[in-house]
Amino acid sequence: MYLTKEEERIYDGEAGWANQVCMKILVRLGELFNATRLIPIESAHVSGVSYKTIGDAPSEFLEALASSGGKVNVEATLNPQSVDPKYLRKRLPESAIEKQLKIVRQFEKMSFTQSLTCTPYYLKKPKRGSHISWAESSAVVYANSILGAWTNREGGPSALAAAIIGKTPDYGVHNAENREPNILVKVEALLRNETEYGALGILLGKILGDKIPIIQDLKNASKEYLKQLGAALASTGMTNMFYCNYSHVKTKMKEIQKISVEAKDIKESIESLSTAPTPKPDLVFIGCPHCSINEIKQIANLIGDRKVKDGTEFWVCTSRFVKEKAKKYVERIEKSGAHVLTDTCAVVTWTDRLGIKTLMTNSAKTAHYAPMLNKAETALAPLKECLKTALKG
Amino acid sequence: MKQIMLRGRVIVEGICKAEALVSTKPISFLGGVDASTGEIIEKNHDLYGTCVKDKVLCFPHGHGSTVGSYVLYSLAKNKLGPKAIVNQTADPVVAVGAIIAEIPMVDQIDIKQIKTGDVVEVDAYKGVIRILKKGES
Chain A
1 MYLTKEEERI YDGEAGWANQ VCMKILVRLG ELFNATRLIP IESAHVSGVS
51 YKTIGDAPSE FLEALASSGG KVNVEATLNP QSVDPKYLRK RLPESAIEKQ
101 LKIVRQFEKM SFTQSLTCTP YYLKKPKRGS HISWAESSAV VYANSILGAW
151 TNREGGPSAL AAAIIGKTPD YGVHNAENRE PNILVKVEAL LRNETEYGAL
201 GILLGKILGD KIPIIQDLKN ASKEYLKQLG AALASTGMTN MFYCNYSHVK
251 TKMKEIQKIS VEAKDIKESI ESLSTAPTPK PDLVFIGCPH CSINEIKQIA
301 NLIGDRKVKD GTEFWVCTSR FVKEKAKKYV ERIEKSGAHV LTDTCAVVTW
351 TDRLGIKTLM TNSAKTAHYA PMLNKAETAL APLKECLKTA LKG
Chain B
394 MKQIMLRGRV IVEGICKAEA LVSTKPISFL GGVDASTGEI IEKNHDLYGT
444 CVKDKVLCFP HGHGSTVGSY VLYSLAKNKL GPKAIVNQTA DPVVAVGAII
494 AEIPMVDQID IKQIKTGDVV EVDAYKGVIR ILKKGES
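Chains A and B supply the protein sequences, listed in that same order.
Its first residue numbered 1, the first sequence is counted upward by one per residue in our numbering.
Its first residue numbered 394, the second sequence is counted upward by one per residue in our numbering.
Each hint should be verified, as a subset may be incorrect.
[What the hints assert, rightly or not] List time: in silico DSSO-like cross-link candidates among lysine-lysine, alpha-carbon distance up to 30 angstroms:
1) B/K519 - A/K5
2) B/K418 - A/K206
3) B/K395 - B/K472
4) B/K470 - A/K99
5) A/K109 - B/K418
6) A/K102 - B/K519
7) A/K102 - B/K446
8) A/K24 - B/K470
[Said to hold, decoys possible] Here are some, though not all, of the chain B residues that point toward chain A, as calculated from beta-carbon distances under 8 angstroms:
9) M398
10) I404
11) G407
12) P485
13) I492
Hints were generated in silico from the structure; no laboratory data involved.
Note that the coordinates shown come from a computational prediction; the quantities given were computed from them, not determined experimentally.
Backbone N, C-alpha and C define an ideal beta-carbon position, used for all residues, glycine too.
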């Protein structure tokens with residue numbers, strides 16, 4: 001791999017240990033994947049923030065990095081943590097919260113933006129065609145497929161190294177030739193809601209591996225529906241992007257493999273993700289990935305004057321930024337007895353310690369992970385049904 | 394005994410001599426290895442119950458969460474880490490872990506040549522592994 005004089009100096013340790021170890025990570029990864037050089041990035045988004053998910057192991061490394069002068073060199077955002085600032089902080093054990101806050105403090109020392117969201121693109125949309133270095137697989141798929149920014153599917157440590165150096169090795173989908181689709185998916189069913197888009201993603205992830213699909217007949221889907229599709233796709237597969245129209249594509253459609261998906265496949269996918277079709281779940285959860293302003297508005301309008309049922313928890317999760325912007329709608333949602341939580345979500349917090357054994361959600365990604373990560377039975381259903389279950393009347 | 398020498402690619406430089414601990418299965422450091430004891434805790438793993446401390450840990454490649462890199466760092470800081478890592482094919486999780494934990498690492502090695510209990514020398518400057526003494530088994 002070619003390094004500039006300045007990059008070499010950092011590699012040799014002249015800019016201190018923190019920069020050196022980050023440069024080593026980028027260079028060695030680049031060599032593993034046959035990169036030719038490092039390229040500047042517009043932003044980085046780091047995963048591995050939630051204490052529940054990562055445990056004690058990363059704290060020591062983050063501390064070492066922060067205390068030896070590690071500082072971000074580009075706009076750098078953080079994935080969600082395990083608690084929100086108010087509601088859950090009162091209900092969870094202090095020792096766990098303290099460890100969580102310590103992790104975030106290390107990131108703060110290194111000048112990361114305290115975004116604490118899996119949808120950093122709602123805070124600041126990366127430019128079309130810009131190179132970025134993002135972890136959080138749902139955001140990676142969204143950036144590549146819907147925003148047209150270019151990012152590999154980074155892990156927590158490699159995105160962290162990229163944030164500090166401000167560069168990434170030029171392999172994978174940072175090269176135009178690796179962004180061409182290589183399989184055509186024909187959807188022979190009318191997808192009616194976000195849950196069906198998510199179910200399609202779960203199904204395709206299992207079949208596609210790391211292939212890049214063109215998914216036909218989704219042209220009219222909202223960005224929120226495609227967000228669900230991408231999040232689910234990344235949960236079961238290694239795919240880091242998809243196309244839903246042909247206009248930017250050079251590949252000749254005749255030359256690539258084709259598969260089709262039928263209505264019964266979608267139905268089966270939803271059924272396989274619903275382990276607990278209970279009429280009274282302990283928790284109804286909306287906001288995986290974190291809600292957009294539009295989604296918050298839609299939820300507020302659908303709730304109307306209704307109230308949350310006694311004995312049911314109803315959470316809507318989003319970022320601090322979106323909550324602030326959508327204040328008017330947030331107030332209406334909270335009037336129902338629902339909780340609009342920021343900085344976290346059901347998957348990355350300790351729902352089991354809150355006594356939650358059954359969980360209903362409209363997110364296929366959550367339904368995929370919750371049995372494992374939350375030890376909860378799940379029911380997967382579209383927003384309107386989730387609301388019907390959560391609310392009186 | 395004729396000394397066996399294997400040649401691979403350097404991932405992290407260093408040199409050491411230790412007993413080999415060899416697995417035919419991939420290792421997930423997050424969830425698979427206890428960072429507070431160095432023990433392999435993944436059920437049904439062929440190294441289940443063994444400790445990676447001070448071994449030349451040989452396995453095909455890593456898998457699982459990228460947080461696994463940090464587990465290697467913690468192991469090394471607590472002096473529970475392997476002396477060296479030898480892989481068939483390095484993957485990003487283990488490679489990054491070895492870099493930040495400063496554990497010598499070589500890949501592109503036919504690990505079937507090495508048996509648990511062999512005494513091996515890893516020269517991760519040159520990318521060379523020498524089997525100095527075959528184990529009892």
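Checklist entry - Checking against the hints above, which ones are violated? => result 3, 5, 6, 9, 11
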